[in-house]
Amino acid sequence: DSGVTQTPKHLITATGQRVTLRCSPRSGDLSVYWYQQSLDQGLQFLIQYYNGEERAKGNILERFSAQQFPDLHSELNLSSLELGDSALYFCASSVDPGATYGYTFGSGTRLTVV
Amino acid sequence: GNSVTQMEGPVTLSEEAFLTINCTYTATGYPSLFWYVQYPGEGLQLLLKATKADDKGSNKGFEATYRKETTSFHLEKGSVQVSDSAVYFCALRGTSGSRLTFGEGTQLTVNP
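Going down the list, the protein sequences come from chains A and B.
Residue numbers 6 to 119, in my numbering, belong to the letters of the first sequence in order.
Residue numbers 100 to 211, in my numbering, belong to the letters of the second sequence in order.
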C-alpha cells in the first residue's frame, strides 16, 4: 500500500456521460498530480494541485477539470466522455510542490467508455 | 521541451541473466532522473533516483548512473529474477516545475 488511495478502481460508463475520480494523497503530502496512461499516448501529465491551488497544467482537455479540497483530497471530473478517454488514470502525491524526490502513485482508476 | 527515450521492448530474459534497459533524455540544465516500476494491476513505484550528474541510484539490486555527458540513465541489474517481471519507466523532472516526464516504458519478462 503506497498510501495514496484512489477510488473507484474500475469504472465503466457510456459515451457522453460524466464521471468523478477521487484521490486521497499520502498522509503529509500537500501536492497532488493526475496522469493519464493509455496504450498509444503513454503516461501524460494532466494537472497538479498544491495545498488547494492549481500549480501546473499539462495536456488536460477542456472537458476535464479537477480540484483539491481543504482536506487535501482531489477529484478529477471527466465529462462528455468519448471512447478515446478510456485509460488508466493515476493520482500521485508529493510532500513538496517541486517533487524533489519524485512522486508516490496510487494504484489507478481504470475507466472504460463504451 | 523535455523528453525521455527508452529502449524498445518487450525484453525477455532467463532468470539470473544480466539486465540493461537504456534510457536517454533531452532537457536543459540538470534534471533529476528516476526509474519507476509498474507490476501488473498496480500503480508505479519509485525504484531509484539520481539528482545530479555522476550520482548512482540503487535499490533492490538495480542500479543506474546519471551520465550528463551522454544524457543517459541506463538501468542495470546483475542477475534478474522472475519476480522482476514488470514494466519499467524512466522519467525526468526538469529544473523548473515539478512535473515528471516519462518514457514509453519497457516490458520485462523473466522466465525461470
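To be clear, the hints were calculated from the coordinates, so they are not data collected in a lab.
Hints may contain errors.
Stated by the list, open to error - Far from chain B by the CB rule (all over 10 Å, computed), these chain A residues:
{"#": "1", "residue": "7"}
{"#": "2", "residue": "27"}
{"#": "3", "residue": "57"}
{"#": "4", "residue": "60"}
{"#": "5", "residue": "76"}
{"#": "6", "residue": "105"}
To be verified - Straight line, CA to CA, 35 Å or less: simulated DSBU-like cross-link-like pairs of lysine-lysine:
{"#": "7", "chain 1": "A", "residue 1": "62", "chain 2": "B", "residue 2": "159"}
{"#": "8", "chain 1": "B", "residue 1": "159", "chain 2": "A", "residue 2": "14"}
{"#": "9", "chain 1": "A", "residue 1": "14", "chain 2": "B", "residue 2": "176"}
{"#": "10", "chain 1": "B", "residue 1": "151", "chain 2": "B", "residue 2": "176"}
{"#": "11", "chain 1": "B", "residue 1": "176", "chain 2": "B", "residue 2": "155"}
{"#": "12", "chain 1": "A", "residue 1": "14", "chain 2": "A", "residue 2": "62"}
{"#": "13", "chain 1": "B", "residue 1": "167", "chain 2": "A", "residue 2": "62"}
{"#": "14", "chain 1": "B", "residue 1": "176", "chain 2": "B", "residue 2": "159"}
{"#": "15", "chain 1": "B", "residue 1": "167", "chain 2": "B", "residue 2": "155"}
{"#": "16", "chain 1": "B", "residue 1": "167", "chain 2": "B", "residue 2": "151"}
{"#": "17", "chain 1": "B", "residue 1": "151", "chain 2": "A", "residue 2": "62"}
{"#": "18", "chain 1": "A", "residue 1": "62", "chain 2": "B", "residue 2": "155"}
Treat the numbers as computed from the prediction; the structure is a model and nothing was measured.
All C-beta atoms in this analysis are idealised placements derived from N, C-alpha and C, irrespective of residue type, glycine included.
Quick check: which numbered hints come out false for this structure?
-> 1, 4 and 6
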